[in-house]
Each structure stands twice: as C-alpha cells, then as structure tokens.
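K.L.:
Sequence:
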Amino acid sequence: MDLFDPYFENNRKGWWQKAEVYRFRKDLIDAMFGNEDVHCYAEILKMLLASEGEKTGITIVEKPIIRTKFKRLQETGMEAENYFILNFDKEEKFQGGLLTDARLYGDGYDFQVDVQEHSHLAEVKGIRKPKGRIRLTSREYEKAKEFKSDFILSLVTNLDDIQKLVLIDNPLNHFEFKKSIIKNEVIEYRSLEDLY
Numbered sequence: 001m002d003l004f005d006p007y008f009e010n011n012r013k014g015w016w017q018k019a020e021v022y023r024f025r026k027d028l029i030d031a032m033f034g035n036e037d038v039h040c041y042a043e044i045l046k047m048l049l050a051s052e053g054e055k056t057g058i059t060i061v062e063k064p065i066i067r068t069k070f071k072r073l074q075e076t077g078m079e080a081e082n083y084f085i086l087n088f089d090k091e092e093k094f095q096g097g098l099l100t101d102a103r104l105y106g107d108g109y110d111f112q113v114d115v116q117e118h119s120h121l122a123e124v125k126g127i128r129k130p131k132g133r134i135r136l137t138s139r140e141y142e143k144a145k146e147f148k149s150d151f152i153l154s155l156v157t158n159l160d161d162i163q164k165l166v167l168i169d170n171p172l173n174h175f176e177f178k179k180s181i182i183k184n185e186v187i188e189y190r191s192l193e194d195l196y
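No gaps in the numbering here: position 119 of the sequence shown is 119 in the UniProt record's numbering, and each next residue is one more.
Bear in mind the hints are in silico, worked out from the structure with no lab data behind them.
All values derive from a computational prediction rather than experimental measurement.
Even for Gly, the Cβ is constructed at its ideal location relative to N, Cα and C.
Calculated cross-link-like contacts (lysine-lysine; reagent style DSBU-like; alpha-carbon spacing at most 30 Å):
#, residue 1, residue 2
1, 93, 143
2, 164, 129
3, 148, 179
4, 93, 178
5, 178, 129
6, 131, 90
7, 93, 148
8, 179, 143
9, 129, 148
10, 129, 46
11, 129, 145
12, 183, 148
13, 164, 178
14, 178, 148
15, 179, 145
Each pair of labels, with its calculated beta carbon distance range:
#, residue 1, residue 2, range
16, 86, 135, 22 to 28 Å
17, 179, 149, 18 to 24 Å
18, 104, 39, 27 to 33 Å
19, 160, 139, 24 to 30 Å
Please model the complete structure; the sequences and the hints are all you need to start from.
P.N.:
Okay, here's the thing in structure tokens:
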C-alpha cells in the first residue's frame, strides 16, 4: 500500500519522498487502463490476485482487451519501453530530442531520437535486477553493426525496485554476443473453401 501514499492524502509520513521513483508505474497503468471504469479495475485486480496464486473465490469476468493489456503490463520489455518513453529526455545525450516510436516497424530498433540534426536509434531492453543478460534479434544486431555509435542500447535495469536507465553507444564494441540459431515451428490455419 506504500505505493499509493504519494498520490493520496493519508496520515502516514515518510513515503512521499518516493513519489518520483514510482511515478513511471503509475503513468504506465494510466496509459494502459486510464479510461477504464471501476468495474474494469476490479477485474484487473482479480486477474492480478489470480496471477499471484491468490484464491479469492471471486469469479473473473474479463473482457478480452483487458486480459491482453494485463498480460502486456507484466512483460519486462513493455515496462522498460514505457520507462524509456517517460525518462529518455532526462539523459544528457537525448536532452531536447524528439522521440519517434518505431516499435511497430520491426526494423531492429524501438525508437529514433532526433537531437538537433543528429538521429540516434534506441533499442530498449529491460532487466528486472540491477544487472543481467540480454539478447538481440538478428535485425537488432544488424542495426547495431550498421549504425555503430548511433545505435544506443538503452538498458532499463532494476525494474523490480528503483529503475535506472543506462545508455550504451555501439554495444557490439563493448560486449560480446554469441549467435544462437532458434528454429520456430510456425502453425497456421487455412480456410478449406473460398470465402465470399
């Protein structure tokens, strides 16, 4: 309950100092669920309790879009990307920069940050702990190779506690990566007759 102290009047003292630490979480929840009514929030809380193994005895009547948003909220990558969106301009390299979202294009980076006449490609990775390992897709790796110091690996570390954004120019020059070939089985369903 301490997380709510900075946002609501109460008798508790001392927790208000952490308002900025937790703000990105509030902003993330507002961005995803800000237009929902009290009934939808109740469903979200039920899903959260169920996901943590709590047996409430309460039936969950979830709307598909709420379930999808809830699953995405729990993903490290999305949490890191939202933290980056809210905090990128606090980093000296990106101050005064214009952020363009490139996540839907699948071209090997998440954001382009234009600072004056210079463009940086930011690939955001999240790590739950203070340090950990990451993986790059083949497209991300190729973009890092092509754009070198203009490709910025943007690590959001310590997601479970006090987050920290670490920017690494030309990550292939700083870290060693091992190629892994993963074969995916693609399953699709095709209609057996012409439609209309």
